[in-house]
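Visitor: Sequences listed follow chains A and B, in order. 1 is the number of the first residue of the first sequence in the UniProt record's numbering; add one for each residue after it. 1 is the number of the first residue of the second sequence in the UniProt record's numbering; add one for each residue after it.
Keep in mind that a hint or two might mislead.
Identical copies go unnamed one by one, so any copy, or any two together, can satisfy a pair.
Unchecked claim - Below, a list of computed lysine to aspartate or glutamate pairs in the DMTMM-like style, where the Cα atoms sit at most 25 Å apart: (1) LYS102 - GLU326; (2) LYS187 - GLU19; (3) LYS205 - ASP55; (4) LYS262 - GLU232; (5) LYS241 - GLU272; (6) LYS3 - ASP116; (7) LYS205 - ASP193; (8) LYS102 - ASP84.
By construction, these hints were calculated from the structure, which means they are not laboratory data.
Number of protein chains: 2
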Amino acid sequence: MPKTLVLKTCLDEGIPGPEHFEIRESPWPNIGDGVIVRLLTVSADPYMRYRIRSDGDYKPGEPMLGLVAGKILESNLSDWKAGDLFGSELPFTEIQSVPAWKAKTFRRLTGLISEDQISFGVGVLGMPGSTAYGGLVDILQPKEGETIWVSGAAGAVGSTVGMMAKQVFNCIVIGSAGGPEKCQIVKEQFGFDHCIDYKMCRSTKDLVKSLRHVAPAGIDMYFENVGGMHFEAAMQCLRPKGRVAICGVISDYNKSKMSPNKIYVSNMIYTEQTVQGFHCLPWLQGERGQFLEDMALWLSEGKVQVRETVFDGLDSFGSAFRALFEGGNIGKVVINLSPKSKL
Amino acid sequence: MPKTLVLKTCLDEGIPGPEHFEIRESPWPNIGDGVIVRLLTVSADPYMRYRIRSDGDYKPGEPMLGLVAGKILESNLSDWKAGDLFGSELPFTEIQSVPAWKAKTFRRLTGLISEDQISFGVGVLGMPGSTAYGGLVDILQPKEGETIWVSGAAGAVGSTVGMMAKQVFNCIVIGSAGGPEKCQIVKEQFGFDHCIDYKMCRSTKDLVKSLRHVAPAGIDMYFENVGGMHFEAAMQCLRPKGRVAICGVISDYNKSKMSPNKIYVSNMIYTEQTVQGFHCLPWLQGERGQFLEDMALWLSEGKVQVRETVFDGLDSFGSAFRALFEGGNIGKVVINLSPKSKL
């Protein structure tokens, strides 16, 4: 029988883990008017943290829903055939039927990646990749030679932003990550010019000092993944015509109440600065830009590289999810489901 | 002899007035390679408040510099002739020579307004008009039927924003102003749908309540002239895809230290909200948009109307400037210089 990952209990405050999820067996699906699919990868992402709160939209006893990539097993649709690879948002059920209307929203991955790269479908060619792409290319609009600061630089989104900014747009790229090991990987593997170990900074003032040390003239862009003192430090170092793109505030996710940040709006007037929130959907769904084409090209050229922290099997989801908030991951956290598992 | 307005003493904190300025006589100018001009109007504007601080760029004993409109008296340039009307930024000296390089930056007002409308050159066809135009047309980009909130709605910038939003873009327009008299003018003369008397609101919570009363579904745009609790109330009522344009923070101008505002950046992500600072120069200088043409058209069609608080003579500048911070003005504050004064 196919397995399904179910939310066991909600969590308002604190770090989630295996105890908040459980596995349930599901019936074998009937194909209906669409397709039957097998999930090969499911994704653990920071944004899911909000959704397991008691006021979130994930409900105890119901299947978890999130970003997945997989393979078509059977199809009643002319545009999908058995063996095709796809990315989508689906319940975390290993084998399931998908109705025709929903299958029409699948992203086609066949031709872009091979089956052993299927996890890219929830990473660099999925939500985190499209977040990095939309935020950098369309929201921040980098110019050659500009300086960008990227928080969460060892993570799936941040590392991709930095590699694109460096390799595609020729920017000066500064990261921020937690601990010397991550900072080394950010510089050596992802090619950032500098990386600040924010765990060495006890205050916004400390962080500003570290940032000014590597960017004495300030920063032109800030890509916000974390919130808290990072946002305030970025605003203090932001140059005229500076842009800030906000796609995540992971420092808030495990708190029961959001923390406000200080902003001095008068500083934004003569400097013509912008702070803009955004999410990946316009680019992931192909409404804006050319995400899949551009990113697949940059991957093939080696301008963007992939690093993953891999977990195995649906029942490892809770540990994978916890790793996101304990800083236990480098690059994208993926949960691979064995394509050969007996059901 | 022509008179010049000079800054007497700097002021870091508190409300400026006549005691901070003095009149000095200037020599009759030599024409040089450019023009000799007579100023007919000089402008008192909130942004000048920063510049008379001890760390500002206006220095005691030196002439005040600001937005002016006037007439060419003599010209050595082919593109300007005696009698032409212009707008510019110049020292506040009644009659002065202007070198050719500077005269090339003059805005031509001949053909747009008559000499008895010359004060429009520092108002609706000058800095405040271009601030209103750039902020509304290009920064906020209103769509028909959207709701906009405008603070400082009785002032030169705010009233013009509201009239354009209502008459040109068919928006629902809510103002905010201090006191029942101003609120009545904002609604009756400037045609806003609603106006909130912020002096009746003791807290951000009060202001949010008043705003929700007239805009139960929230606001799509906020035009920021004042700062403080207005900014926070606007962010609390801002709808998805909401935009905030920041051009002034008058509540800060008389303090020695700027006050920070609270912002919850996580609220901006899924709502795709934007906060953007800007100033008028790109539109005033003709680098962006078609400010002079569009605004002169809307004026002639009666879509935008002008209301002024008029002071007479250079020596009234201090009182005019003070009125800006005491709420003593409705519409644009202008200082008219008699075109017939003996020199």
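Visitor: It remains to establish, for every hint, whether it holds in the given structure.
Guide: Verification of the hints:
1. LYS102 - GLU326: Answer is neither: 34 Å inside a copy and 60 Å across each miss the 25 Å cutoff.
2. LYS187 - GLU19: So LYS187 and GLU19 fail the 25 Å test inside a copy (35 Å) and across (59 Å) alike.
3. LYS205 - ASP55: between (35 Å within a copy, 23 Å between copies)
4. LYS262 - GLU232: Answer is both; intra-copy 7 Å and inter-copy 11 Å each pass.
5. LYS241 - GLU272: Both, since 5 Å and 20 Å are each at most 25 Å.
6. LYS3 - ASP116: Intra 22 Å, inter 82 Å, cutoff 25 Å: intra-copy only.
7. LYS205 - ASP193: within (22 Å within a copy, 45 Å between copies)
8. LYS102 - ASP84: The answer is within: 16 Å in one copy meets 25 Å, while 67 Å across copies does not.
The structure fails to meet hints 1 and 2 from the earlier list, while all remaining hints are met.
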